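Whenever a hint applies, use it, and build me the whole structure from the sequences.
Chain by chain, the residues run as shown.
There are 4 protein chains.
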Amino acid sequence: MIEFCLVGGGFIGPLHAANIAAHPGARLRWIVDTNLPAAESLAAKYGGRASADLDAALADPDVHAVMICTPPRTHAAIIERAARAGKAVFCEKPIDLDMDRVTACGKVLDATRTPFFVAFNRRFDPSHRALFDAIRAGEIGRTEMVVLSSRDPEISPPDYVAAMPYGIFYDTMIHDFDMVRWLTGDEPVEIVARTACMLDAASNPHRDPDTAMVLLRMAGGALVHVNSSFRAVYGYDQRIEVFGEKGMLISRNRQPTTVERYGADGVRQDPLLYFFIDRYAESYARELAEFIDALSGKRPPPIGFDDGRRALLIAEAAVASAKSGAPVTLRA
Amino acid sequence: MIEFCLVGGGFIGPLHAANIAAHPGARLRWIVDTNLPAAESLAAKYGGRASADLDAALADPDVHAVMICTPPRTHAAIIERAARAGKAVFCEKPIDLDMDRVTACGKVLDATRTPFFVAFNRRFDPSHRALFDAIRAGEIGRTEMVVLSSRDPEISPPDYVAAMPYGIFYDTMIHDFDMVRWLTGDEPVEIVARTACMLDAASNPHRDPDTAMVLLRMAGGALVHVNSSFRAVYGYDQRIEVFGEKGMLISRNRQPTTVERYGADGVRQDPLLYFFIDRYAESYARELAEFIDALSGKRPPPIGFDDGRRALLIAEAAVASAKSGAPVTLRA
Amino acid sequence: MIEFCLVGGGFIGPLHAANIAAHPGARLRWIVDTNLPAAESLAAKYGGRASADLDAALADPDVHAVMICTPPRTHAAIIERAARAGKAVFCEKPIDLDMDRVTACGKVLDATRTPFFVAFNRRFDPSHRALFDAIRAGEIGRTEMVVLSSRDPEISPPDYVAAMPYGIFYDTMIHDFDMVRWLTGDEPVEIVARTACMLDAASNPHRDPDTAMVLLRMAGGALVHVNSSFRAVYGYDQRIEVFGEKGMLISRNRQPTTVERYGADGVRQDPLLYFFIDRYAESYARELAEFIDALSGKRPPPIGFDDGRRALLIAEAAVASAKSGAPVTLRA
Amino acid sequence: MIEFCLVGGGFIGPLHAANIAAHPGARLRWIVDTNLPAAESLAAKYGGRASADLDAALADPDVHAVMICTPPRTHAAIIERAARAGKAVFCEKPIDLDMDRVTACGKVLDATRTPFFVAFNRRFDPSHRALFDAIRAGEIGRTEMVVLSSRDPEISPPDYVAAMPYGIFYDTMIHDFDMVRWLTGDEPVEIVARTACMLDAASNPHRDPDTAMVLLRMAGGALVHVNSSFRAVYGYDQRIEVFGEKGMLISRNRQPTTVERYGADGVRQDPLLYFFIDRYAESYARELAEFIDALSGKRPPPIGFDDGRRALLIAEAAVASAKSGAPVTLRA
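Chains as they are written, first to last, in this note's numbering: chain D, 1 to 332; chain S, 1001 to 1332; chain P, 2001 to 2332; chain H, 3001 to 3332.
Read the hints as simulated data drawn from the structure, not as lab findings.
Owing to the predicted nature of the structure, the values given are computational and were not obtained by experimental measurement.
Hints may be right or wrong, so weigh each one.
[As the list claims (entries may be wrong)] Listed next, the in silico DSS-like pairs over lysine-lysine satisfying Cα-Cα at most 25 Å (straight line):
#  : chain 1 : residue 1 : chain 2 : residue 2
1  : D       : K323      : D       : K93
2  : P       : K2093     : P       : K2323
3  : D       : K107      : D       : K93
4  : S       : K1045     : H       : K3298
5  : S       : K1298     : H       : K3107
6  : S       : K1093     : S       : K1323
7  : D       : K93       : D       : K298
8  : P       : K2045     : D       : K298
9  : S       : K1107     : S       : K1093
10 : P       : K2298     : D       : K45
11 : H       : K3298     : H       : K3093
12 : H       : K3093     : H       : K3107
13 : S       : K1093     : S       : K1298
14 : H       : K3323     : D       : K323
15 : H       : K3045     : S       : K1045
16 : P       : K2093     : D       : K45
17 : P       : K2107     : P       : K2093
18 : S       : K1323     : P       : K2323
19 : P       : K2093     : P       : K2298
20 : H       : K3323     : H       : K3093
[As the list claims (entries may be wrong)] Residues on chain D that point at chain S, a partial pick, calculated with CB under 10 Å:
#  : residue
21 : G185
22 : R261
23 : A264
24 : G266
25 : D270
26 : L272
The C-beta atom is built at its ideal place from N, Cα and C for all residues, glycine as well.
Structure below.
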């Protein structure tokens, strides 16, 4: 039984708390939030002890793992505290937005030999995973092109946007950058990025980019396109297409029902699943299961610190290219 | 070059005239219609000589084949006249609605050794044909169940309906009865039919059945379902599903475009093709080509008099079952 | 908190035990199985007290509800014992296979005013439910035809088949009979059924029907077709199509992933979900939630004794028609 | 009746000859090819006089229009000769690969006031056209992103490739550049292009790019991605996706049949239509019809010299960017 200290009871915290509670090999031991009522509310529902004091939780020898669900800029510090307390760490992406901070954090993890898992949940989606497996099995031969569409139905609230400029790269496309690395087993050597502000000032008062396209060249020669938007009115649009010498693989979108409605005006199906939590429900449960398996020694952690660092490097390069207009070279 | 006398310039006549004109190995020599202007209009467009006098056309030794596009109740007499004049015959289904009349007609065809083709156009549709080929290739093993949906977007005009009571079996499902025989290579031994009048009195003043379901048992044991309606508001709905020991084959509907429209209310595609002539455009061209090939001695006629007779026998049995309520036995 | 006594730890029992454990408003208090180790295994995983003695469990005043997951022929007796003990009952379908037994059972339920829920899980599937909602909202106007495909990937083991002859109606199509009643809000007045044995003797040694088609006529005039098979090699095939004066609604199948694989030989997608428990995972969770809501007084039980009885009456009539060959009349 | 002189009997020539022959308002008067037997073969099939002498044909006062189907580098000279002879011109794209040559050609067309039509056939595809119409109707509001996949199943023969280096832009993506201009009603202001050689030396001995991705920025701010490959083994892959503030429109691929094959290994459909002539059969017929309508004064020519010139400018910029690595600015 792996006992967890969950830090951060808002946003994605409740989802992870529910998944820990439902996993037969895991248990919530502490829920820590500086906003104590948030922690208490989760504890009432899923068990565990609510607290505003992270140190107290980290001092508990029965805690095996810390799950970090706090805002991005707090991640690095909590990772380091958990690592120094000898706990395994499951951390929501990104590790940090500043590369120096990330590097420092990595040194602590190395020094403490901390098992670390960065939660790029999409790797655990059954459809995306089927693409990975098919590519590895040689089904499409050499990968030549990858096309990713990664669109949110809505932009985040203004204060969230203000706290993370260029979030379209740092927060959204960072998932796609990880997907590309994972699916191809290769690293990008160059990136060109372009952005636009398409939303009106009411929705996007900070005029942070809400629309973006990226062109990547991989070390092995494959070409990659990613596009994102913060207003896909038809739902959370998540598609991956991998083209190779022997064929093409597509991971398509999901809809709430399989219903088709035939009328004089055509055939209508549901809009796409709207919330990322619905779309990736299975992947959240599976990433937790894999982390627990890794801690139980069943297999190595499937995704680690360097994966988080490299995805961030690509996001940084995307921002640089979008700002300067020039292609940016990456070291493979 | 096969020279045609086309009889009947209305309804399906213009389509066949256009196809003859477009076929490199065929030519329209006569267009006969008791309504001379209809014949003249087609002749002006597609060539050939317009006439109201069928005897004159049949006396022309350069006519190889007669194509019959007149109303159903005139078919048998024209077939016999053409056969006695030594012409090959391409006839729209049905041969006749009265089985005795059909039998008599068959004797004339036999005596005159007339090449005869009954135009069950669906056999020549590429998708339906792919099902036939896959079944023959053993792709699904033994056929166990067949499900056909065969729905028109609108009911025929009242006088057309009045001229052919139970047209839902004699005019519409007769195609499906032929499909079942052709796809399974088997004959039905029993039929149960049920009908309903769902349209209002304005659309269906004669209260002839506009909705029907049929359950057939084949000699080889397979079970078959067919359903029809005269008001599929979303277009001409034509689906065939064949289920077997190793899998299932489906021939789906076709739409005018491949467009998908994603909006907040869902994903919308075109309604189905609305007119049977659009839906089966390819099959009409192909059936003509196969008839011409047969006359040119390239291969035997793919569908003949007995196919027309047997489909009609099943339609007759369907009517009998719908009227009595009892299952009707057919001789295989 | 609703406390459950689950009876029957095999087959569907573990699924219901897991769902009770996962529901925030429910708890497993007893797990009863005459095969004690089966009960113990479930209790170890999901909590509750394992026992082979149903009376002990029924004597526990803290048990609110009994969930019956035992073989069909034991249902009626357990229902009556639970009812007399003052417990609410959630029972897997069918109530019994003998109509007199069902009637007797109903009298006990009436006399004891027992809240009763028969688990026609498909009513709680989101796609089927969307059809129900659209029909009720008038989206397709009057319902004119219903077509259901309800096919299992495999036949049950021989002893299961031997214990319930004509299981294709009593065990499988009984779901579809309920679907038809529920979707149309109408009752059938006539049924014709035909069956076949398509599997070989090794798979189906008792030569019980493994393939069936049914034609129903509803009191309101709608025509209904149902087909079933026990060897859909491509997976659990569950489709419902409702055709009406203003359009058509289809609830399609589900697949494990959304992947499309394009190669020189075509475009390939996953086979259908293979196990009914995967296909209807959501509906099992939802039916439990609705039962709990009903017990908590939030709303009336959505499906009751008479629904179970009427579906069985239709199944009985199907068997009678399949045996005699004649249509069987049902009282609406 | 519009009388045509068709120049160039190879490659796309026979298709246009067949379409002219089938059009009720057009007739083939001359077929000119320096390889006389090619011209004779077409004339035998579709009518008209075969010749190797273009001057003779241009001197015929009954010729209204010249249709140019010769290799690209001969287009400009033939256009000018036809224009000076007072004939309308229908020319396969591109006008020429050298911009100065194009400009000179344009001056001749202007001076002679020649009706000119450049055959970007995709504008006449019903599905692409439905996108155009929906965008113009405001269905998706402002266009924010466009994604085009434009992949050939095979690379052209080596001598064809040698005759037109960077054909992936000049010959293939030039269609997409036209699509983008037409669909958005806007002009690109910047382009970044990347290419790769993925085919082996046997298929692509000249090592000309066989794989490419492009990122365009439009004057109005929209971002555009285009990808191409010369080995889509699953067929001719032609997709357009337009994303806007109110939704998304997709024009999907077409397949020879609508058949679905369900087996234990999944659900299989046909590969995509393999030949561009099959895929765009309707668009070739429609572009001819629109050209004829324009000559008949029914409406203005839907696509003209400047469309050909601007698409070529974008292709040139793509080549420049692919060679230098830098983004290339275009004047809107």
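Verification of the supplied hints:
Restraint check for K323/D and K93/D: the C-alpha separation of about 23 Å stays at or below 25 Å, so the hint holds. For the hint pairing K2093/P with K2323/P, the CA-to-CA distance comes to about 23 Å; that is within 25 Å, so the pair holds. Note on K107/D and K93/D: the hinted pairing holds, with a Cα-Cα distance of about 18 Å set against a maximum of 25 Å. With a CA separation close to 21 Å, the supplied pair K1045/S and K3298/H stays within the 25 Å bound.
For the hint pairing K1298/S with K3107/H, the CA-to-CA distance comes to about 56 Å; that exceeds 25 Å, so the pair is violated. Pair hint K1093/S plus K1323/S holds up; C-alpha atoms about 23 Å apart against a cutoff of 25 Å. For the given pair, K93/D sits about 24 Å from K298/D by alpha-carbon distance, which is consistent with the 25 Å threshold. Our distance criterion of 25 Å between C-alpha atoms is met by K2045/P and K298/D, whose separation comes to about 21 Å.
Pair hint K1107/S plus K1093/S holds up; C-alpha atoms about 18 Å apart against a cutoff of 25 Å. Only pairs whose Cα atoms come within 25 Å are accepted, and K2298/P paired with K45/D is accepted, the gap being roughly 21 Å. A C-alpha spacing of about 24 Å is found between K3298/H and K3093/H, which places the hinted pair at or below 25 Å, so the restraint holds. Distance restraint check for K3093/H and K3107/H: the Cα-Cα separation of roughly 18 Å lies within the 25 Å cut-off, and the hinted pair is therefore satisfied.
Pair hint K1093/S plus K1298/S holds up; C-alpha atoms about 24 Å apart against a cutoff of 25 Å. The suggested pairing of K3323/H with K323/D holds, with an alpha-carbon distance near 23 Å, which does not exceed 25 Å. For the suggested pair K3045/H and K1045/S, the alpha carbons sit about 20 Å apart, so the restraint of at most 25 Å is met. The suggested pairing of K2093/P with K45/D is violated, with an alpha-carbon distance near 33 Å, which exceeds 25 Å.
Taken as a hint, the K2107/P and K2093/P pair is honoured in the structure, with Cα atoms around 18 Å apart against an allowance of 25 Å. Between K1323/S and K2323/P, the direct Cα distance comes to roughly 23 Å. Compliance with the 25 Å bound is thereby established for this hinted pair. Taken as a hint, the K2093/P and K2298/P pair is honoured in the structure, with Cα atoms around 24 Å apart against an allowance of 25 Å. A distance of roughly 23 Å separates the Cα atoms of K3323/H and K3093/H; the hinted pair therefore holds under the 25 Å criterion.
Nearest Cβ of chain S to the Cβ of G185/D: about 32 Å, over the 10 Å cut. The hint is violated. Because the closest C-beta pair between R261/D and chain S is about 8 Å apart, less than 10 Å, the hint holds. Contact between A264/D and chain S, as hinted, is supported at the beta carbon level, the nearest pair being about 5 Å apart and thus within 10 Å. Annotation: interface hint on G266/D holds; nearest CB of chain S at approximately 5 Å, less than 10 Å.
Interface hint at D270/D: satisfied, since its Cβ lies 5 Å from the closest Cβ of chain S, which is below the 10 Å cut-off. Satisfaction of the interface hint for L272/D is found here, the shortest Cβ-Cβ separation to chain S being roughly 8 Å, below the 10 Å cut-off.
Of the numbered hints listed earlier, those contradicted by the structure are 5, 16 and 21.
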